[in-house]
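Student: As given, the protein sequences belong to chains A and B, one line each in that order.
The numbering of the first sequence is my numbering, which starts it at 1 and goes up by one.
The numbering of the second sequence is my numbering, which starts it at 1 and goes up by one.
Watch out, some of these pointers could steer you wrong.
Stated by the list, open to error - Label-pair ranges, simulated between beta-carbon atoms:
(1) B:T130 x A:S210: 43 to 53 Å
(2) A:K66 x B:D262: 49 to 59 Å
(3) B:T130 x A:R349: 40 to 50 Å
(4) A:K318 x B:D262: 54 to 64 Å
(5) B:R31 x A:P395: 44 to 54 Å
(6) A:I206 x B:F270: 33 to 43 Å
(7) A:A273 x B:A21: 41 to 51 Å
(8) B:G308 x A:K318: 23 to 33 Å
(9) A:I33 x B:G378: 31 to 41 Å
As the list claims (entries may be wrong) - DSS-like cross-link-like pairs, simulated, lysine-lysine; straight-line CA separation at most 27 Å:
(10) B:K265 x A:K389
(11) B:K265 x A:K318
(12) B:K272 x A:K389
(13) A:K389 x B:K268
(14) A:K318 x A:K79
(15) A:K389 x A:K318
(16) B:K102 x B:K212
(17) A:K336 x A:K280
To be clear, the hints were calculated from the coordinates, so they are not data collected in a lab.
The C-beta atom is built at its ideal place from N, Cα and C for all residues, glycine as well.
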Amino acid sequence: MADLENFRAETRAWLEANCPPEMREPVRGEDDIYWGGRNATFKNDAQKAWLEACVAKGYTVPMWPKEYGGAGLSAPEAKVLREEMGRINARPPLSSFGIWMLGPALLHFGTEGQKQRFLNEIARGEIRWCQGYSEPGSGSDLVSLQTFGEDKGDHWVVNGQKIWTSYADQADWIFCLVRTDKENKYGGITFMLFDMASEGVTTKPIKLISGSSPFCETFFDNVSVPKSYGDDVPAYVGTINRGWDVAKYLLGHEREMISGADGGERAAAIGAAMKRHAAKTGDDIDPVLRAELAMFDVDALAYAAMGEKFLDEIKVGKAHPAQPNMMKYAGTELNKRRHELVMAVGGSRALEWESEATENGKPSKAWLRTKANSIEGGTSEVMLNVIAKRILDLPGA
Amino acid sequence: MPLYHNDDQAMLADTARGFIAEEGNIAKQLRHWRDRDCKDGFGHGLWKQMAEMGFTGMLVDEADGGLGMGHVEAGIVLEEIGRNLTPSPFLTSSVLAATALKHGSDDLKGRYLPGLITGDSVFAVAIDETAKHRPERITTRAEKSGNGFKLSGAKSFVIQGASADMIVVAARTSGADDDADGITLFAVPKDAAGMSHDAVRLVDSSMATHTKFDGVELDGDAVIGEIDGGRAVLDAMLLAGRVGAAAEGVGVARGAMDMTVDYLKQRKQFGKLIGEFQALQHRASHLYSEVEIARAVTIKAQQLLDGGSANAELMASVAKAKVAKTARLAVQEGVQMHGGIGMTDEYDIGLYMKRDRALAEFLGDAYYHANRVAELSGY
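Required output: the full structure, derived from the provided sequences and hints.
Tutor: So, in structure tokens, the structure goes:
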């Protein structure tokens with residue numbers, strides 16, 4: 001305990017010395033988020049200084065081992081770091097699918113050579129990754145994917161199409177599920193890593209109901225993917241044809257993340273905030289709406305407790321392996337309800353799509369965006385199927 | 001503190017689960033006493049056994065002969081009571097009255113706690129005066145008279161009021177009906193002259209009373225805590241009771257859910273197990289999620305209460321409201337998914353629906369507590 005308190009004091013001092021004042025402001029727009037990569041530019045010197053300080057300390061990926069660019073923090077230490085960063089509203093120094101998705105897969109399944117190369121690149125924000133999972137027509141039946149890699153000895157020739165590839169148009173590399181055996185549904189998929197600058201890769205952004213989106217369609221036309229990038233650096237994670245194991249592991253991880261479990265505070269009470277907002281705009285909150293807000297707060301505060309319990313149990317291996325599906329289901333449904341209430345409290349003001357007051361439709365765009373929460377990363381219906389099968393053990397599920 | 005049971009608590013949970021499933025199950029207790037039209041609505045034999053297990057005095061301080069445990073531990077016992085629909089004075093005696101008596105004089109403790117610990121006594125609490133829980137307003141009056149008080153008024157929904165050896169009564173000693181101050185709590189003994197009970201059986205087969213106090217004469221030493229300063233004791237008692245009722249409700253929800261999921265695995269229709277139908281799978285999975293969440297926030301509330309946190313009151317109301325909504329869902333889905341058989345007295349699922357209705361009403365329903373959540377959050 002004393003050690004943790006020392007660590008807190010050190011962390012506080014380090015943040016004081018290294019986190020520039022400009023980085024202690026809430027994220028207001030897309031360019032306040034630094035995604036890294038070959039073509040990335042910093043918005044200002046403060047953003048650059050903050051990233052460099054964190055990279056040097058291992059704080060872009062605090063819990064990764066030091067030899068892979070992390071700080072090697074224990075879970076309680078990482079929590080202290082999060083709390084201390086939260087206390088001064090420090091922005092994340094680096095956001096990346098490499099940190100959230102590929103990194104955990106490599107830590108679990110990667111070779112030493114892959115870890116040395118890719119994890120360090122990710123930690124330093126040098127390569128921006130995107131995820132190539134979904135395909136048109138496969139939807140929640142992810143394993144039905146058709147993108148095919150034909151074996152040519154030392155390389156594959158990949159043809160096919162991916163969809164919902166977030167930020168594919170800005171990514172440097174892709175981690176991608178490719179069918180390498182057409183006979184075997186689950187046992188015929190390889191988890192490949194390749195450069196988006198490869199000949200034959202093209203991307204096209206998708207416009208969503210919220211006006212724009214980070215999503216793209218991604219096309220592979222005779223893309224040549226080598227099987228190795230050097231000694232002990234295979235171009236695939238895990239084993240050829242066993243990529244589904246990696247994908248499944250990552251899906252669990254992703255569901256955990258989308259559920260917002262690592263920050264139950266996200267689901268804190270909104271009723272009081274909504275009342276303040278309404279008072280500012282001179283509105284009264286309808287008593288029926290107040291009642292809905294209260295019922296929402298009951299559910300949200302209870303869910304926050306569940307998030308806390310879930311993380312506590314994960315740490316000691318007590319959580320059911322399918323529990324992330326429950327968290328994802330309940331969390332995303334709750335988030336949609338929250339944004340419905342935000343729109344209701346906002347009234348006509350919240351409808352303004354192009355206005356200064358709404359920063360060009362922030363509330364309505366956020367509301368529209370949440371509608372995807374219960375679709376992406378596995379639909380709510382798929383989550384319920386998994387619970388029925390793996391937790392409740394219902395027949396034929 | 002992590003939000004799961006530590007080793008000692010897990011061991012207690014194992015013990016409580018085995019014991020209550022064996023001795024407190026529906027056939028042995030609820031149906032047994034109901035079918036005999038038992039005037040108390042519960043069995044004193046089981047209460048004595050619970051005393052032998054050390055349950056009855058678990059919230060009583062060690063200095064007073066109890067186990068000095070916390071609300072997490074009491075919640076463990078209550079969850080099993082809920083799961084087995086065990087009719088028992090545990091919540092009223094060992095949680096509510098025991099919490100009130102913590103604030104009593106040594107004399108009062110000496111008079112009542114030994115009986116609680118040995119299982120020879122049961123206690124009731126008299127708070128509500130209207131059909132809906134509204135402890136903000138207390139109209140029952142106690143006027144100074146000689147060395148003591150004269151108690152007049154009426155209370156309703158006094159669970160096990162007629163069988164109780166002592167009733168904790170919240171009365172007004174000064175001020176207007178809606179004042180926060182001016183409340184005093186009294187330990188009213190069973191044989192107090194002028195107290196009368198109109199006992200009624202409730203939908204869940206438990207017994208409650210409309211209790212009248214017609215100039216009941218009480219000695220000054222019947223006062224629990226401070227004269228006129230009883231609101232704090234009342235609030236502490238309500239807080240403990242609400243967290244306890246939430247734990248029992250989690251048990252009711254889990255019992256109903258488990259029974260229903262089992263049934264989905266056995267019952268065949270259209271040549272298939274009904275558990276194979278996706279419509280029912282999704283509803284069962286949704287129910288599971290809600291029950292897990294309700295259980296998590298209940299443990300959270302128990303821990304905050306044990307830790308003396310300022311947030312305990314908010315989280316107690318969140319827990320009571322969430323559990324009320326969840327247990328309601330569990331019993332409704334339970335009866336619906338059982339189909340016609342779920343409507344028969346022979347099957348137990350309907351008993352869960354009845355118990356849920358009574359338990360949800362006790363110490364404030366989901367609406368009351370959602371409103372408290374709004375008030376405590378400043379809107």
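Student: Please flag the earlier hints that this structure goes against, numbers listed from lowest up.
Tutor: 4, 5
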